[in-house]
Amino acid sequence: MTKTTKTSGVSRRTLLKGTAGLAGLAAGSGAITGFPYVMSAEPKVLRYLGTAVNEGDDISKQCLKDTGIKIEYITATTDDVTKRVMTQPNSFDVLDTEYFSLKKIVPSGNILALDAKKIKEFDNITPVFTKGETPGGKKIGGQGTAPWKVLYLEGKDSKKFATSPTEYVTLIPTVYNADTLGIRPDIIKRPINSWAELLNPEFKGKASILNIPSIGIMDAAMVVEAAGKYKYADKGNMTKEEIDLTMKVMTEAKKAGQFRAFWKDFNESVNLMASGETVIQSMWSPAVTKVRSMGIACTFQPLKEGYRSWASGFCVSKGVSGPKLDWAYEFVNWFLSGYAGAYLNRQGYYSAVLSTAKANMEPYEWAYWMEGKPAEKDIKAPDGSLLEKAGSVRDGGSYEDRMGAVACWNAVMDENDYMVRKWNEFIAA
Amino acid sequence: MDTSEDILQQAPPDIVRGTDTRRAAKSARLPPSFVSWLQAGPMMLVFVAFFLIPLVFVVIVSFWDYNEYQLLPALSGRGYTDTFEGCIAQLPDLCTIAKTYLKTLKLCFLVWAITLFIGFWVAYFLAFHVKSKTWQMGLSLLCTIPFWTSNVIRMIAWIPLLGRNGLVNSGLMKTGLINQPLEWLLFSEFSVVLALVHLFTFFMVVPIFNSMIRIDKSLIEAAYDAGATGFQTLVNVIVPLAKPGIVIGSIFVITIVMGDFITIGVMGGQQIAAAGKIIETRVNALQFPAAAANAVILLVITFLIITMMSRIVDIKKEL
Chain A
4 MTKTTKTSGV SRRTLLKGTA GLAGLAAGSG AITGFPYVMS AEPKVLRYLG
54 TAVNEGDDIS KQCLKDTGIK IEYITATTDD VTKRVMTQPN SFDVLDTEYF
104 SLKKIVPSGN ILALDAKKIK EFDNITPVFT KGETPGGKKI GGQGTAPWKV
154 LYLEGKDSKK FATSPTEYVT LIPTVYNADT LGIRPDIIKR PINSWAELLN
204 PEFKGKASIL NIPSIGIMDA AMVVEAAGKY KYADKGNMTK EEIDLTMKVM
254 TEAKKAGQFR AFWKDFNESV NLMASGETVI QSMWSPAVTK VRSMGIACTF
304 QPLKEGYRSW ASGFCVSKGV SGPKLDWAYE FVNWFLSGYA GAYLNRQGYY
354 SAVLSTAKAN MEPYEWAYWM EGKPAEKDIK APDGSLLEKA GSVRDGGSYE
404 DRMGAVACWN AVMDENDYMV RKWNEFIAA
Chain B
6 MDTSEDILQQ APPDIVRGTD TRRAAKSARL PPSFVSWLQA GPMMLVFVAF
56 FLIPLVFVVI VSFWDYNEYQ LLPALSGRGY TDTFEGCIAQ LPDLCTIAKT
106 YLKTLKLCFL VWAITLFIGF WVAYFLAFHV KSKTWQMGLS LLCTIPFWTS
156 NVIRMIAWIP LLGRNGLVNS GLMKTGLINQ PLEWLLFSEF SVVLALVHLF
206 TFFMVVPIFN SMIRIDKSLI EAAYDAGATG FQTLVNVIVP LAKPGIVIGS
256 IFVITIVMGD FITIGVMGGQ QIAAAGKIIE TRVNALQFPA AAANAVILLV
306 ITFLIITMMS RIVDIKKEL
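Just so you know, the protein sequences line up as chains A and B, in that order. Note that the first sequence ends on residue 432 in the working numbering; no numbers are left out. Note that the second sequence ends on residue 324 in the working numbering; no numbers are left out.
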């Protein structure tokens with residue numbers, strides 16, 4: 004029975020694609036022949052496809068209050084978001100996705116680049132995205148799909164990434180962060196300062212990595228390089244030989260029983276760490292915070308080799324036009340105007356426009372999250388729950404320190420197909 | 006078909022016209038073959054629309070080519086050749102697909118054997134030891150308890166029980182039976198089999214119970230009267246008569262386990278290969294033709310197993 008649903012999965016999607024296409028066609032023709040006054044009477048609704056990262060209820064409520072635009076969230080995992088863009092481009096209006104998926108999405112022609120001139124705060128977007136450096140001038144590592152490599156298109160309908168700034172922006176930046184290993188300092192009881200520790204036999208049966216092949220292999224590459232086994236030209240775009248080498252190191256570790264489990268979703272990583280099944284694993288910042296809020300010691304450990312970073316932003320479906328496109332611009336402009344940025348900053352992520360976020364945060368919050376200073380007061384989450392007691396300091400320190408130490412970015416490799424096959428081999432080993 | 010025509014021809018003209026109200030009830034009696042088509046029709050339509058047509062698509066797509074972002078509708082065996090990559094070159098080492106299927110078949114066999122053993126005795130108990138119909142119903146419903154919670158919650162709940170610091174380990178350590186927590190309790194083949202057995206024994210119980218309840222009790226009395234021991238009765242009377250149930254239950258369990266990747270993933274810590282897992286990874290990487298090719302392979306292998314099983318017992322005849 005499970006088998007049936009699975010085997011039919013692909014073609015079910017093909018069917019859906021067909022129906023979505025028809026629905027889109029119907030909607031499209033309605034937009035052309037429909038009377039203008041009917042359109043203006045319509046409530047402003049945008050279907051928002053993305054992962055759970057940016058999709059706070061508070062954000063949509065505030066947006067409705069400020070702009071009258073009603074946001075309907077369509078939440079999916081990173082992989083499923085990409086899948087949906089490819090197969091059902093008419094099932095959403097605004098897309099919130101990561102830069103590394105652009106290598107798949109842009110050639111498909113299913114998204115519409117936004118016009119930088121219509122984005123009010125575009126010039127205030129952090130230089131992390133536009134120049135590959137921190138506001139303080141630190142150069143950021145550019146291995147992998149770094150946002151500045153794929154930020155601009157050559158023309159409105161171009162499928163080629165421009166090497167110098169144009170007005171056609173693939174994704175208007177919203178949120179990003181620097182990821183590293185999470186550890187249980189209460190169990191490890193000694194300083195950890197290198198990615199190589201992930202494969203240290205000391206933690207046999209107590210380590211874990213991400214089971215998303217394209218991200219997992221980047222973490223693996225950080226480990227291989229840290230252990231001095233190999234130096235990659237670009238960890239985010241390996242040759243077949245480099246993939247073989249990386250997977251060989253990981254396979255040996257797996258066979259030796261180094262890994263307790265691989266995780267795929269936020270809660271799995273929290274569970275593994277909180278229950279003590281693992282003591283060292285690749286992790287996301289809010290997951291570390293969650294473990295800590297359960298009263299369990301957990302550190303988002305800065306490492307000397309640097310962070311693996313990711314970033315996401317907004318674009319719209321190619322089917323969006325007319326007033327809907329105006330609302331989309333209005334929404335994106337609202338998103339960058341401060342409320343949402345402050346909301347994201349308070350979760351441990353970073354917002355793309357720092358100045359507006361700062362204006363929406365208390366000075367003590369800004370000092371803790373962004374400047375790496377000890378908290379003057381208790382630090383609260385957006386929902387009001389206690390995250391950190393007064394006096395604590397953010398792991399990894401300030402924005403400059405953390406973003407300045409980024410070594411590579413989440414990526415889709417040219418040899419992605421080969422890599423996925425090797426990943427299956429690794430799981431089967 | 007010709008029977009229906011015969012009936013129509015034999016019917017008096019007034020019935021065909023339907024004017025005689027007295028005999029209207031009789032006129033409503035449609036030809037039997039038409040009735041059976043009508044009865045089977047809805048299921049058949051659902052089956053064709055949601056199983057056969059998608060399946061045909063899967064087979065077609067499995068022979069297509071693809072790139073990073075789209076399907077290329079050109080005949081290509083790439084989905085298959087990639088899947089069997091290294092199967093000859095790596096000999097005597099096994100290639101990925103062979104390893105994966107060996108592992109899946111092993112898990113499948115273990116789960117099948119254990120669910121059959123447990124399911125058989127639960128059904129036996131329900132059918133022969135529980136006399137009242139009400140109790141039989143009540144106790145069968147108890148077997149559905151594992152289905153009352155969602156799949157994900159049910160599996161996450163194993164961690165506090167079987168984990169390193171879980172109930173079982175801390176219990177065993179307190180009694181002094183072990184000094185160190187048992188690592189193989191969780192994220193291992195053991196935990197995968199345990200979770201699958203826990204989930205799917207019910208699918209064995211129901212069909213076997215259904216077969217057993219229909220065994221004529223006088224047959225068992227006759228065996229007893231003829232001097233058969235309890236064991237002889239079991240082997241020579243009950244098991245042969247319960248065979249259809251056993252085979253149907255086995256088909257349920259085997260098809261589910263062969264395609265499972267969620268339970269194997271969560272309970273195996275994502276470190277155990279499964280045929281379904283390969284398909285999932287491929288789909289997530291938007292490599293639909295490769296995923297479809299793997300789905301076809303899985304379907305063929307599962308179908309072979311089922312065919313072998315129905316060779317042993319002719320279900321159609323037994324039913």
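Careful: at least some of the hints might be erroneous.
DSS-like cross-link-like pairs, simulated, lysine-lysine; straight-line CA separation at most 25 Å [said to hold, decoys possible]:
#1 A:K152 <-> A:K163
#2 B:K179 <-> A:K267
#3 B:K136 <-> A:K258
#4 A:K258 <-> B:K248
#5 B:K108 <-> A:K207
Rather than coming from a laboratory, the hints here were simulated on the basis of the structure. As the structure is a prediction and not an experimental result, all values here were calculated from the model.
query = Which hints, by number, does the structure contradict?
reply = 2, 3 and 4
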